[in-house]
Every structure is written in structure tokens, then in C-alpha cells.
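There are 2 protein chains.
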Amino acid sequence: MAPLLSDTSKALLSKPVFANIATVNDRCEPQLTPVWIDFEGDDILFNTAEGRTKAVNLRKHPDLAISVVDPADPYNSVLIVRGKAIEITEEGADEHIDALAQKYLGRTPYPFRQPGEKRLKVRVRIERVVSEPSPPSS
Amino acid sequence: MAPLLSDTSKALLSKPVFANIATVNDRCEPQLTPVWIDFEGDDILFNTAEGRTKAVNLRKHPDLAISVVDPADPYNSVLIVRGKAIEITEEGADEHIDALAQKYLGRTPYPFRQPGEKRLKVRVRIERVVSEPSPPSS
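Residue numbers (my numbering), protein chains in the order written: chain A, 8 to 145; chain B, 8 to 145.
The hints are simulated quantities; they were obtained by calculation from the structure and are not laboratory data. Note that the structure is predicted; figures quoted are calculated from it, not measured.
Calculated lysine-lysine pairs in the BS3-like style (CA-CA distance at most 30 Å, straight line):
1. A:Lys-22 <-> B:Lys-110
2. B:Lys-91 <-> B:Lys-22
3. A:Lys-67 <-> B:Lys-91
4. B:Lys-22 <-> A:Lys-22
5. A:Lys-125 <-> A:Lys-110
6. A:Lys-110 <-> B:Lys-22
Turn these sequences into a full structure, and let the hints steer you where they fit.
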């Protein structure tokens, strides 16, 4: 069974904070991209476009790592997970990037869409929680 | 010849902004850690401790990726590089973590040192600049 996202992790993922996604290419070299992020249940979701390096990498090597550091509290509010991209799909991807634009930019639709671009929604099943945000001290 | 760090990249690396470092383990799985960071000439430097995952990974697989996103300007002030750890050394590592504590915490010596911990300074030679901060618009 996949690890669960803690309430503190969900609270962090609900803020418009950037995540970094690490993937690997065919030569086993790591690649990093800052992304918008959200979650559904205990899966993490992000959005990319057909042809981008991380989509190409993940189709061959589904292993990835995600780091989210809240700039407002970078020593306590840190989520780091390792997992696998279990789904990479066009289905619902346009609605998803619009929802992320609302979350991060406060407006929708997504304003950076390129002509002919095919958006992809990526679902990440967490395999290991390396670090999660501390509960607020009372 | 290694790519040079632009003035905008050096300006970003001079701010107390967290970096994410991606390395790979023996199974070619990516791992991510937020770190303090600085630079020397056109090399990027960070600090870790003997036995940490990224030190273990980098001794076997020197390839890594680094992402630095300025939370104050996350759409323009982004540095992403790929490179290699060309040196992992105890020499100067204690002074280096103290200097980083001054940069990030405004005080020195480094307050989180563990008993018996051996600090390591890692020098990264950049091989490819994937993204660098835009110059300020005039």
C-alpha cells in the first residue's frame, strides 16, 4: 500500500508553492524541473506537455522524486517523496492545467498554452515519504 | 570548456534561496534534497555530510542536476543546470558550512552540526545550463 499524505503535506500542497520534479534520462542522468503541483487523495498530480523532457523520461523510467519547500518556512515545511508516475494522460489534462493556473496565478484559463500543445496530466503514486512538514507547534 | 554562470545566475546564487539537488542511486532512481548553495568562479558549491544519500550517490554517479527558483520571482528568476560533482572533500568543508550558515541564517558557526559529523564540500562543474534568470527588464 502506498504511503499516505499527512495533513501537513496536504496543507503544503494546497499552497501555491513550486515543486521540483527529478526524473532520469536514458543515460541515468538526473533532470530537474520546477512545476505547479496538487494532489488527489494520496497521489500527487502535476501537468506537463507532450514532448517535454520529463514526459519523455517518465514514459521510459517512471521513477521520480518530488521536493516541495515552503519559502515561508523552509526549515520545517518541506515535503520530499519518491514515487512512480503511474499514469500520464491527455484525459482531463486541459482542465487540470486550468485549475493549476487558478491556484498559482489566480486566473483561468491557463495563459501560457502554446498552439498545438498537448497537455498531459501525470499521476504520481508515492512509494516513500523522505520528509514531511512538521505539525505546527502548539 | 564548462558553461559560464551568467551575472543573473550569480546574483540569484548570492541570495539565501534554497536549491534542490537531484542525484541518482544504484538503481538509477532519482533522489532530491533541498540544500544551501553558493558558487566559486563558475562552479557551484554545496555542503553535505559523510554518509548522506547524496554523498553516497555522487561518489558512484557524479551526474547531478540543480534547480534554484527565487520565490520572490518564480517565473523569471530560475536557474537549472546539469553537471558533475568533480570534487567531494573534507578540506575547507567546515569553513564552508559556517559561511553558508552566515549567508542563510545570518549567524556563524553552523548551529546544526552533529557530534562526529564529517562535513563535505561538493564542487559542481556545470555541463549544461538548462535555464537561467532573465535579465531585469529596463
